[in-house]
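Undergrad: Read top to bottom, the protein sequences are chains A and B.
First residue of the first sequence? That's 1 in UniProt numbering, and the numbers climb one at a time after it.
First residue of the second sequence? That's 1 in UniProt numbering, and the numbers climb one at a time after it.
These are calculated hints, taken from the structure and not from any lab test.
One should not assume that every hint holds.
As the list claims (entries may be wrong) - In silico SDA-like cross-links for lysine to any residue, where the CA-CA straight-line distance does not exceed 20 Å:
{"id": "1", "chain 1": "A", "residue 1": "Lys2", "chain 2": "B", "residue 2": "Arg152"}
{"id": "2", "chain 1": "B", "residue 1": "Lys31", "chain 2": "A", "residue 2": "His70"}
{"id": "3", "chain 1": "B", "residue 1": "Lys2", "chain 2": "A", "residue 2": "Arg207"}
{"id": "4", "chain 1": "A", "residue 1": "Lys2", "chain 2": "B", "residue 2": "Glu154"}
{"id": "5", "chain 1": "A", "residue 1": "Lys2", "chain 2": "B", "residue 2": "Asp109"}
{"id": "6", "chain 1": "A", "residue 1": "Lys2", "chain 2": "B", "residue 2": "Pro59"}
{"id": "7", "chain 1": "A", "residue 1": "Lys2", "chain 2": "B", "residue 2": "Ala150"}
{"id": "8", "chain 1": "A", "residue 1": "Lys134", "chain 2": "A", "residue 2": "Pro185"}
Said to hold, decoys possible - Cβ pair distances, simulated, as ranges:
{"id": "9", "chain 1": "B", "residue 1": "Pro107", "chain 2": "A", "residue 2": "Lys2", "range": "18 to 24 Å"}
{"id": "10", "chain 1": "A", "residue 1": "Gly174", "chain 2": "B", "residue 2": "Glu240", "range": "46 to 52 Å"}
{"id": "11", "chain 1": "A", "residue 1": "Lys364", "chain 2": "B", "residue 2": "Pro107", "range": "55 to 61 Å"}
{"id": "12", "chain 1": "B", "residue 1": "Asp361", "chain 2": "A", "residue 2": "Glu240", "range": "42 to 48 Å"}
{"id": "13", "chain 1": "B", "residue 1": "Arg27", "chain 2": "A", "residue 2": "Arg131", "range": "40 to 46 Å"}
{"id": "14", "chain 1": "B", "residue 1": "Pro14", "chain 2": "A", "residue 2": "Ala284", "range": "50 to 56 Å"}
What the hints assert, rightly or not - To give an idea of the interface, some chain A residues facing chain B are shown, with a C-beta separation under 7 Å as derived from the structure:
{"id": "15", "residue": "Thr7"}
{"id": "16", "residue": "Ser12"}
{"id": "17", "residue": "Glu41"}
{"id": "18", "residue": "Pro46"}
{"id": "19", "residue": "Tyr64"}
{"id": "20", "residue": "Glu106"}
{"id": "21", "residue": "Pro107"}
{"id": "22", "residue": "Lys157"}
{"id": "23", "residue": "Ala182"}
{"id": "24", "residue": "Asp186"}
{"id": "25", "residue": "Arg214"}
{"id": "26", "residue": "Gly226"}
{"id": "27", "residue": "Met230"}
{"id": "28", "residue": "Gly244"}
{"id": "29", "residue": "Phe252"}
All of these numbers come straight from a predicted model, not from anything done at the bench.
Beta carbons are placed, not taken as given, at the ideal position from N, Cα and C, and that holds for glycine.
Number of protein chains: 2
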Amino acid sequence: MKAPSETPLCQSLPATVPFVGPEALERCRGKRFAARLGANESVFGPSPQVIEAIRAAAPEAWMYGDPESHDLRAALARRLGIAPDEIVVGEGIDGLLGYAVRLYVEPGDAVVTSDGAYPTFNYHVAGFGGRLVKVPYVDDHEDPQALLDAARSERAKLIYLANPDNPMGSWHDGARIEEMIAALPDECLLVLDEAYAEFAPKGTMARIDVADPRVIRMRTFSKAHGLAGMRVGYAFGHAEVIRGFEKVRNHFGMSRISQAAALAALGDEGWIGEVRIEVEAARARIAAIARDNGLTPLPSATNFVTIDCGRDGAFARAVLEALADRDVFVRMPFASPGNRCIRVSAGRTPDLDRLEGALPDALKAAQAG
Amino acid sequence: MKAPSETPLCQSLPATVPFVGPEALERCRGKRFAARLGANESVFGPSPQVIEAIRAAAPEAWMYGDPESHDLRAALARRLGIAPDEIVVGEGIDGLLGYAVRLYVEPGDAVVTSDGAYPTFNYHVAGFGGRLVKVPYVDDHEDPQALLDAARSERAKLIYLANPDNPMGSWHDGARIEEMIAALPDECLLVLDEAYAEFAPKGTMARIDVADPRVIRMRTFSKAHGLAGMRVGYAFGHAEVIRGFEKVRNHFGMSRISQAAALAALGDEGWIGEVRIEVEAARARIAAIARDNGLTPLPSATNFVTIDCGRDGAFARAVLEALADRDVFVRMPFASPGNRCIRVSAGRTPDLDRLEGALPDALKAAQAG
Numbered sequence: 001m002k003a004p005s006e007t008p009l010c011q012s013l014p015a016t017v018p019f020v021g022p023e024a025l026e027r028c029r030g031k032r033f034a035a036r037l038g039a040n041e042s043v044f045g046p047s048p049q050v051i052e053a054i055r056a057a058a059p060e061a062w063m064y065g066d067p068e069s070h071d072l073r074a075a076l077a078r079r080l081g082i083a084p085d086e087i088v089v090g091e092g093i094d095g096l097l098g099y100a101v102r103l104y105v106e107p108g109d110a111v112v113t114s115d116g117a118y119p120t121f122n123y124h125v126a127g128f129g130g131r132l133v134k135v136p137y138v139d140d141h142e143d144p145q146a147l148l149d150a151a152r153s154e155r156a157k158l159i160y161l162a163n164p165d166n167p168m169g170s171w172h173d174g175a176r177i178e179e180m181i182a183a184l185p186d187e188c189l190l191v192l193d194e195a196y197a198e199f200a201p202k203g204t205m206a207r208i209d210v211a212d213p214r215v216i217r218m219r220t221f222s223k224a225h226g227l228a229g230m231r232v233g234y235a236f237g238h239a240e241v242i243r244g245f246e247k248v249r250n251h252f253g254m255s256r257i258s259q260a261a262a263l264a265a266l267g268d269e270g271w272i273g274e275v276r277i278e279v280e281a282a283r284a285r286i287a288a289i290a291r292d293n294g295l296t297p298l299p300s301a302t303n304f305v306t307i308d309c310g311r312d313g314a315f316a317r318a319v320l321e322a323l324a325d326r327d328v329f330v331r332m333p334f335a336s337p338g339n340r341c342i343r344v345s346a347g348r349t350p351d352l353d354r355l356e357g358a359l360p361d362a363l364k365a366a367q368a369g
Numbered sequence: 001m002k003a004p005s006e007t008p009l010c011q012s013l014p015a016t017v018p019f020v021g022p023e024a025l026e027r028c029r030g031k032r033f034a035a036r037l038g039a040n041e042s043v044f045g046p047s048p049q050v051i052e053a054i055r056a057a058a059p060e061a062w063m064y065g066d067p068e069s070h071d072l073r074a075a076l077a078r079r080l081g082i083a084p085d086e087i088v089v090g091e092g093i094d095g096l097l098g099y100a101v102r103l104y105v106e107p108g109d110a111v112v113t114s115d116g117a118y119p120t121f122n123y124h125v126a127g128f129g130g131r132l133v134k135v136p137y138v139d140d141h142e143d144p145q146a147l148l149d150a151a152r153s154e155r156a157k158l159i160y161l162a163n164p165d166n167p168m169g170s171w172h173d174g175a176r177i178e179e180m181i182a183a184l185p186d187e188c189l190l191v192l193d194e195a196y197a198e199f200a201p202k203g204t205m206a207r208i209d210v211a212d213p214r215v216i217r218m219r220t221f222s223k224a225h226g227l228a229g230m231r232v233g234y235a236f237g238h239a240e241v242i243r244g245f246e247k248v249r250n251h252f253g254m255s256r257i258s259q260a261a262a263l264a265a266l267g268d269e270g271w272i273g274e275v276r277i278e279v280e281a282a283r284a285r286i287a288a289i290a291r292d293n294g295l296t297p298l299p300s301a302t303n304f305v306t307i308d309c310g311r312d313g314a315f316a317r318a319v320l321e322a323l324a325d326r327d328v329f330v331r332m333p334f335a336s337p338g339n340r341c342i343r344v345s346a347g348r349t350p351d352l353d354r355l356e357g358a359l360p361d362a363l364k365a366a367q368a369g
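One chain only, chain A, in its complex shape:
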């Protein structure tokens, strides 16, 4: 009795999860975290109106979701000033990144990203046999020129850039991104991850121009809209690029309830304004807590603050673990030099009280270790 062999490519892949979930950590620890500040979720939640929409839709859970996500795409199209066929909805940006890589990347094809940028994108590139080329961050910012240069010299099919950036929280202004787009080599697609768009200062988001087939942009309901648990992301760009997703996506993969939740979230923009105010206050407080402990908070255009712990990756890791021992869940960048930092999501007052209480002891423990 012998199963078939996996494809050679799949045999070469590790059985890995890009991120261990907080629930898994809690099961290892044998207790819950008191402050869940590691996954850049929005602890401020979805709006009451959205929670009500989920509840109202619950009895409809027996019906498959509309595979075209028609109503949601129509609402997004109105919002973005583009056409519905320039938008595809998917199971979070993670799902859409996987489809994008599958559409363009064959084994051996080069893909360019920054060393320390989003690991789930790298997971997908590896998963389709792509050759990942990494350029360094410069001063904790992704480096558009280096990405372009590498794409040109490696004849890359894709470039990944997040603006604002995760995990560093840094950003470029829209004009800089537009310059980068203008300079893209032909036959290279910029995958512009804009998960944190709603938190960025005015002028950060490049102008939308779906006439350019060299750019696909991805946004999500997981961050500002507080719906990480519903799995709704969307990509937009040139209609021909978007049409490609129809060839590979899981058409019936979108939950009906999630579609209803996202649609309700779009209809309640006031909530985003409130969340932005909460996030701004939380960022200021996290920065103050960091400074009070002799650490350096980095500027952030997101719903998290990346804190420079002033030493190396091992030290930041020790701080992170000491915080976990004190029931505070945070994460940290994976690659040097970003991994001198820990990354703390905006929290409510009790979450940040907990952080404030835990950090001095956590630092002592890390220094003693």
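Using the hints provided, position chain B relative to the given structure of chain A.
TA: Same frame as chain A, but now just chain B:
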């Protein structure tokens, strides 16, 4: 300005949806269906307890779902009498089928299925460049021996078989499936789709034996549990086969609310018993309506009845369209000879009243056309 070319494989794929959704049909018609009996959803819905669980979980929508679906896998493992690492949870059986094909099928690899069986499986096989080998149904049943013979002669990596079968509603008893499993060639994986397991007569489901790495079985919360809109399926089999999914799946793809709903559904088995009774009554009534109109209902071990319209595919299509004109949504098998039939999901009394009222005129219209 030129986008990169899609991979040669993706260039060769059509931009297609395996099934057009009822919402898309409704948008074309400009009005809703009065009876939604085409997608084998469970109109009986999830249990009140499950609806309550969805509502209770709504405020948690800001948190990503556990990427390990730990609690749900643990509950399923207890139910099935196997270990949690012998189960993977995914975005419906559709999503899991895609991962399974990706794990095993390279361009040119043979995959065996029945001509007229589940189109979404075929979509995935095409999507990874597999070479689909189809064997005929025999007397509206999938033919285990023909599937085995084709797998052997074509050195197939995968065989797809649904028991009970969709779209015909037919089934084999468990002993026949066990014989088939015993006769599987080495290095060939049987993908056993058991979406309709809960509706089948006792003795239909093969004994569970996860020691055999040549079988992976897939089940879902979309049918008997009434949660098609939540997108929760699961696959179980040998731990090494299941482990492969960790290499390719969208780890954070499972909605938190959907996991909560599925877990609640598992805890309310009484509901399945009630749904079974409703479905049995509905099947009997659909069969009676068919006979009253001179048509032949096929025996069914599922939540639908496939009705032989007695002529060819064009005629059955005309009946289907005439029913749609009368606001009754049904579907039909895609391939001959199954396409002489229409397929009607179990409905509530008002749904079936509607069917009963519409069918005589629909048949007249089809005969006149």
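Undergrad: Hint by hint, say whether it matches the structure.
TA: Each hint, compared with the structure:
no., hint, result
1, A:Lys2 x B:Arg152, "14 Å, holds"
2, B:Lys31 x A:His70, "15 Å, holds"
3, B:Lys2 x A:Arg207, "19 Å, holds"
4, A:Lys2 x B:Glu154, "17 Å, holds"
5, A:Lys2 x B:Asp109, "17 Å, holds"
6, A:Lys2 x B:Pro59, "46 Å, violated"
7, A:Lys2 x B:Ala150, "18 Å, holds"
8, A:Lys134 x A:Pro185, "17 Å, holds"
9, B:Pro107 x A:Lys2: 18 to 24 Å, "23 Å, holds"
10, A:Gly174 x B:Glu240: 46 to 52 Å, "49 Å, holds"
11, A:Lys364 x B:Pro107: 55 to 61 Å, "58 Å, holds"
12, B:Asp361 x A:Glu240: 42 to 48 Å, "44 Å, holds"
13, B:Arg27 x A:Arg131: 40 to 46 Å, "43 Å, holds"
14, B:Pro14 x A:Ala284: 50 to 56 Å, "52 Å, holds"
15, Thr7, "5 Å, holds"
16, Ser12, "9 Å, violated"
17, Glu41, "5 Å, holds"
18, Pro46, "5 Å, holds"
19, Tyr64, "5 Å, holds"
20, Glu106, "5 Å, holds"
21, Pro107, "10 Å, violated"
22, Lys157, "5 Å, holds"
23, Ala182, "10 Å, violated"
24, Asp186, "4 Å, holds"
25, Arg214, "6 Å, holds"
26, Gly226, "4 Å, holds"
27, Met230, "5 Å, holds"
28, Gly244, "6 Å, holds"
29, Phe252, "6 Å, holds"
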